[in-house]
Amino acid sequence: MCSTLKIALKVLLRRKFFTFVSLFAVAFTLLVLLVSVAMLDDVFGPQGPEDRPDRTLVVLKAELSGEHSRRNGWAGYGLLSRTLPEMPGVERSTIFAMPRKLTTYHEGRKITCFTRRTDGEFWKVFRFDFVEGQPYGDDAEAQALPVAVLNESARDRFFGPGSAVGKTFELDGRRLRVVGVVRNVPSLRFLTFADVWLPTSLSRSDGYKKSLVGDFAGAMLLAPGARAADVSGEFARRVGTVPIDDDRFKTLSASASTLFSAVASFFVFEGLDSKRPGVIVGVLWLLAILFMGLPALNLVNLNLSRILERASEIGVRKSFGATSGALVRQFLVENIVLAGLGGVVAAVLTAIVLAVLNRSGLVPYATFTLNLRVLGWGVLLTLVFGIVSGVLPAWRMSRLHPVGALQGRFE
Amino acid sequence: MIRLQDVSKVYRTDRIETTALDGISVAIEKGAFVSVMGPSGCGKSTLLNVMGLLDAPSGGTVSLDGAPIRGYRDREVAALRNAKVGFVFQSFHLIADLTVADNVEIPLLYRSMAGAERRRRVAAALERVGLTSRRDHFPTQLSGGQQQRVAIARAIVGEPRLLLADEPTGNLDSQMGEEIMAVLHELNQQGTTIVMVTHDSRLAESTHRTIRLFDGRQVQ
Chain A
1 MCSTLKIALK
11 VLLRRKFFTF
21 VSLFAVAFTL
31 LVLLVSVAML
41 DDVFGPQGPE
51 DRPDRTLVVL
61 KAELSGEHSR
71 RNGWAGYGLL
81 SRTLPEMPGV
91 ERSTIFAMPR
101 KLTTYHEGRK
111 ITCFTRRTDG
121 EFWKVFRFDF
131 VEGQPYGDDA
141 EAQALPVAVL
151 NESARDRFFG
161 PGSAVGKTFE
171 LDGRRLRVVG
181 VVRNVPSLRF
191 LTFADVWLPT
201 SLSRSDGYKK
211 SLVGDFAGAM
221 LLAPGARAAD
231 VSGEFARRVG
241 TVPIDDDRFK
251 TLSASASTLF
261 SAVASFFVFE
271 GLDSKRPGVI
281 VGVLWLLAIL
291 FMGLPALNLV
301 NLNLSRILER
311 ASEIGVRKSF
321 GATSGALVRQ
331 FLVENIVLAG
341 LGGVVAAVLT
351 AIVLAVLNRS
361 GLVPYATFTL
371 NLRVLGWGVL
381 LTLVFGIVSG
391 VLPAWRMSRL
401 HPVGALQGRF
411 E
Chain B
412 MIRLQDVSKV
422 YRTDRIETTA
432 LDGISVAIEK
442 GAFVSVMGPS
452 GCGKSTLLNV
462 MGLLDAPSGG
472 TVSLDGAPIR
482 GYRDREVAAL
492 RNAKVGFVFQ
502 SFHLIADLTV
512 ADNVEIPLLY
522 RSMAGAERRR
532 RVAAALERVG
542 LTSRRDHFPT
552 QLSGGQQQRV
562 AIARAIVGEP
572 RLLLADEPTG
582 NLDSQMGEEI
592 MAVLHELNQQ
602 GTTIVMVTHD
612 SRLAESTHRT
622 IRLFDGRQVQ
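These protein sequence lines are chains A and B, in that order.
Residues in the first sequence are numbered consecutively from 1, following the working numbering.
Residues in the second sequence are numbered consecutively from 412, following the working numbering.
Derived by calculation from the structure, the hints in this document are not laboratory data.
Here are the computed lysine-lysine pairs in the DSBU-like style, where the Cα-Cα straight-line distance is at most 30 Å: (1) A/K209 <-> A/K101; (2) A/K210 <-> A/K250; (3) A/K250 <-> A/K209; (4) A/K10 <-> B/K495; (5) B/K495 <-> B/K441; (6) A/K6 <-> B/K495.
Turn these sequences into a full structure, and let the hints steer you where they fit.
Structural data, given as structure tokens:
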């Protein structure tokens, strides 16, 4: 294997033009894929407050349907408050609203921020990084205490970079007291992202409490050893028992699933059953392979055209004892080494592109990083690219008859 | 060493059937230096390819070291070629991307052999052909004679007992041709069996025996 690698590197270094053209195609393809993976990782990876995705089930979507009417959207507080409490196999559960954009004036300055109403359990299901202070608890929710947690960005905009705990500000007609400040959460983390978090009970009315479809979501932290399928099943059973007090609708549906399948099902593949993340992962892989397909085909063509150029080498190697299998291995290793070099170039370019994206502010508080998980995906994609684009040329080259190859004939 | 019994080779395309070898029976003894002569297209190279197990005969039997070759399965004939046969081609067929040493090393890559041992054998083979100082050069940096000597080093590095040379001096001037012949004679004296295709009757006369072919048939 060592000598095969050595030969592969020598061949690539000696054929500079071919190597450059191939590297460009490989690196660009992998760059796009790696940036996509880094973004997906920022949304779904176990980091920030959502660091336990394997133990977290979420309820995002709810749908009411009847013979002539249909209403769907985020889950309603009424649905979640009837189904989540005291769920077997669940350590904690939380009900929280989706972010809402509000504009307020503070000391003569206009400040726009995203707010999110939550219960006290929210801070235990999701683990925020507190810079100062602490979260509000269930008592704040029960007593509708006018308190809030800010992120660093909101703190800076309201009060400047110093300490903010104990200070007050006005939002949505209420004066709120800051009890804690957390590090910014990227806006793509849509379960937890906000600038200001405050108790749900501070809402102007309590009409939200009855709604089955609304602007809330729920999350459950599974107890160690609990099976997600059991909890999902129990949730589905409970949904079936929730009374519907609107004659237009006969059925209420909602499901508890992992964040990945819930989000994919909600945004990307609406209509797919969110309990089947395998299908969604399969579709994502298919997209990645289709995206890799064109440059891979290009590389296949380049490699096939090089059979002519390398015929003598193939003939010589076969004459001196190379089996077809050994030649397939050699050409595959060459292609994988090429893809590997492309992967390294792509990783460097990805780091640069992600840094530019983070600084651009296109995605608020984005923390796209080339972490080990993303790099791991990069290695896997590189291997897939190297193998997919190398198998056919390697097989064709290895099948050449040694005499024909030595004479430059390719029958 | 190698025996061909009533060997024939027929090439078939959609419309044409060409008989390259027809009823060839030849025995090459161990330690012999045999030349193969005949006009162009008479089947000399085909005979060499069949002897070297690069091509399967259409009929008849090829035996190497007393064992008949059957089936011509890729893995088996590849192992036999690697262990027992070395090739020298008229147009050298050196790999331009690899250095002299890397070219010579090729047959050893298909054996389970430690890197240190491979390097030792490559150095020994290059010394035998007088090219130790050129080990890190690329083929294009060498003269024709030197390239053919590299090809010979590659053919003998695995210490095969049979060396098949297809017009080894065909692309060289007379002085370089003589140098190559001297190397081949020296190898033969050291025990290597050699079968050489040539057009040059002077070179054929310097071998132990000559097989003459005409239209795929053995005439002498």
